[in-house]
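Peer 1: Chain by chain, the residues run as shown.
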Amino acid sequence: MTAPARLLLADDHALVRRGVRLILEQEPDLTVVAEAGDGAEAVEVARRTPLDLVVLDIAMPRMTGLQAAREIGRARTGSQPPKLLMLSMHDNEQYFFESLKVGACGYVLKSVADEDLVGACRAALRGEAFVYPGAMSALVRDYLGRLRRGERVPSTVLTEREDQVLKLIAEGSSSKEIARELTIAVKTVERHRANILAKLDMRDRTQLTRYAIRAGLIEP
Amino acid sequence: MRLYWKVVLINGVVLCLALLALVLGPMSVSRSTVASEVLVLAGGLAAILLTNALLLRSSLAPVDRVVRAMAYVDLTGPDGRLAAPPSGPGRSLVDGFNAMLDRLEEEQGTSNAKALAAQEAERHRIAQELHDEVGQHLTVVLLGLKQLEGQVPAAQAAEVAVLRESVRDGLDDVRRVARRLRPGVLEDLGLTSALAALTNDLGRHHPAEVRRVIAPGLPGLASDTELVVYRVAQEALTNAARHSRAKQVTLSLVRIGEGLVLEVADDGIGFDASTSGAGLRGMHERSRLVRGDLRITSRPGQGTTVRLAVPLAVGPS
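First to last, the sequence lines map onto chains V and F.
Taken in order, the first sequence gives residues 34 to 253; the numbers are from the numbering used here.
Taken in order, the second sequence gives residues 2 to 318; the numbers are from the numbering used here.
Treat the hints as calculated values from the structure; they're not laboratory data.
Fair warning: there could be bad hints in the mix.
[What the hints assert, rightly or not] Beta-carbon label-pair distances, calculated as ranges: (1) V:V66 x F:E123: 40 to 48 Å; (2) V:A218 x F:E166: 13 to 21 Å; (3) V:R224 x F:E166: 18 to 26 Å.
All residues carry an ideal CB built from backbone N, CA and C; glycine is no exception.
I would like the entire structure built from these sequences, with the hints used as guidance.
Peer 2: Following this line, the structure appears as structure tokens:
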């Protein structure tokens, strides 16, 4: 068995940090090796501790999570920089795109952290993007708009089911709602979601960032 | 000349003329006045009064007009201004009155601006506290319950799961309220991202196709100007969604000369632009705060365009 991944947790609220830590440490493949109370401290700790993943709260004093992520991403030379994952209260896809831009793999909303955080950590460690659901619908809507206007988009062949899921995502339905609507399991919806992303060339961080810039969702 | 002196002068001239007529004229008054003399005197007096009345009337007419205007004046537009007579004290009276209206309007604008700024500051504070205090505590509870769920017997675990969903709803509510109060995205990520978020929101809840044209590399604005641009865009998009029945809504932000121009245009049913509701007035007031220039063009059946131009360098801020 490989050694568990080493994590740094940064959140200015000590009790939130503790809660997140307890959730993560239930998993045998994850271990929290350090904590930080603000962005600057996180950068400092990341500089001298070997890490695999840094989980950063966006709203922190001294240096926001986004600024800290940018610093951590560029500080390491030689060795592989740790993967980055953002945690936030804000339900807004723009934070997701901005997170991608500063080098993070994903963005987890605090109100679903109990469900999504572990999965997001694992996706980030694998080097995949963890696509925030709200962002997914913005991306898909933009894609459909381009298709309608006859612009050049990645040519894809979606299955009939994937096409149904795509339309529901564009309308802003959550995985749960889609599962209920199509009477399939939530897990199945998520598999369709992942397939759609892959087919639209939006699987990893770089592809997603490029797409978001082209769609005018973020500035280059 | 002041009004007082003009009245004195008119009275003086009329009385002098009467005196001259009395001295130089061929008339005299007997010790015991006879009827013909009374008639002449009465005629003279009537002539004096009539002359006086006519002269005073033309001088005092502006006073009456100002008094009437004061009773009905509406401070919201430039329509309340009076046309000044070409010269004389009436002119200074009307000019003074118009200047007073200008000043009142200016002051009303300033106090509206202050009220708006105070409201924004208060919203900001409440949103921040909701996020930083209430939100964090609820997150702690949410994560704690998740932890607990794995440790208690199955019978209680179901109960804990229910509690956990309830906490999640609470957290969602807090976030929604905070977001409505103050868009964190504007402060954290800037105007471009905030406008992108607004158009995304509209696209999610509205069947119209929403297009976004935001020029890359726009210069930064003062934070109060950004907030005004954001709020005007928000109001314009909300109006388009609620009333326009548009098929396409386009938001654009580009630099034109020394200013930044926001335009929200739809191809909906339009409205009579001369009728202004509270929302439109709010947009005008906000734009005035940052010396912006707001134009709303719309005609029934022709769609609506809201265009706000703000100067790039606004004051020392």
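Peer 1: Flag every earlier hint the structure violates by its number, smallest first.
Peer 2: Violated hints: none; all satisfied.
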